[in-house]
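Start from the sequences, fold in the hints, and give me the full structure.
Top to bottom, those sequences are chains A and B. In this text, residue positions in the first sequence follow our numbering: the first is 1, and each later residue adds one. In this text, residue positions in the second sequence follow our numbering: the first is 1, and each later residue adds one.
Read the hints as simulated data drawn from the structure, not as lab findings.
Which copy? The list can't say, so a pair holds if one copy fits it or any two copies do.
No farther apart than 25 Å at their CA atoms in a straight line, the calculated lysine-lysine pairs in the DSS-like style are these:
#1 K33 with K6
#2 K6 with K29
#3 K52 with K66
#4 K127 with K58
#5 K122 with K58
Residues per chain, in single letters:
2 protein chains.
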Amino acid sequence: MSSSQKSCTIWLTGLPSSGKSTLAVLLEKEIAKRNRAVEVLDGDVVRTNLSKGLGFSKEDRNTNIKRIGFVCHLLSRNSTFAISAAISPYREVRQDVREMIGDFVEIYVDCPVEECIRRDVKGLYKKAIAGEIQEFTGISDPYEEPRNPELVVKTGDEEPAESLQKILAKLEELGYLAQNGVTEAVPQVEPVNAG
Amino acid sequence: MSSSQKSCTIWLTGLPSSGKSTLAVLLEKEIAKRNRAVEVLDGDVVRTNLSKGLGFSKEDRNTNIKRIGFVCHLLSRNSTFAISAAISPYREVRQDVREMIGDFVEIYVDCPVEECIRRDVKGLYKKAIAGEIQEFTGISDPYEEPRNPELVVKTGDEEPAESLQKILAKLEELGYLAQNGVTEAVPQVEPVNAG
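This is how it looks when you write it as structure tokens:
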């Protein structure tokens, strides 16, 4: 691989309906506006394209997360920002993925479960509470909060635009995005090769 | 996504021991020398990271190929060359992947099965002929030759360096690499954004 600009994997983790996908889409637009390559790996897209057949046991969830991590790794080491918006409930596998990737920014999308239940974007909390769905994170399956994420966004209190600004500021602080939305001028005149 | 330079997926297909991995590695080096981002998705790496648990039935092989195709798609639409070195024995799924990706260069790594058996890089032909391995492409499982690949390299007759030059010439002809190893000068001064 070769890379012209440093990139990273932005790992959004949190309960269902906490706001991960909303933030992923807003962030994708903002990064693209800065003329940087970016891909979102959302839970549903991944379950269709990488993980069909996997269930929601701890083992299957972790396999799913490792696959997402593998793909994020390939993208982000090649100058493309990779945004994961999967629940990724288990701490240990998030750590594994962090170690594999290196340039890894973990963002805890922290929203009280009561608020997630109120939103219930896909109507799945209702079914989980009624016992119609098993192994549902936050209701009948565990969610392990990050201990040392690079950032926590409180999506129960903040508007998405506010959380977005915090994430962008963090990416600037860490050197993945240039300050104030101005990307460094990197004149990429390709060298002439012998071959 | 945003992309500074046009890239593609280079899809090497052929029998086991036909020379796909050898060519993938040579090609990766050559593309990297030209200061372009590149990743190799080799069969074994993929089976570990994306497709653990899948077997070698037609359905499982095709699922594996679709996953590789999905990842190649994400990479190559973001200016990174993706090289697949999986056998990919079935024509129909290669066509599916071609349609998904668009910028797709199919290269038939054409080597007579007798020569592949003689090489037997991993010692698997021997086991397949002895009946110790089932569903082995070329022995007990089908391989469907491409009908209209962008290029055929005859790795039974040609040295790897010769096949490599043909592939590079094809990538130049198709506009994915600049002629004569000289990549176009693309001054990438990033624009100043309002945000």
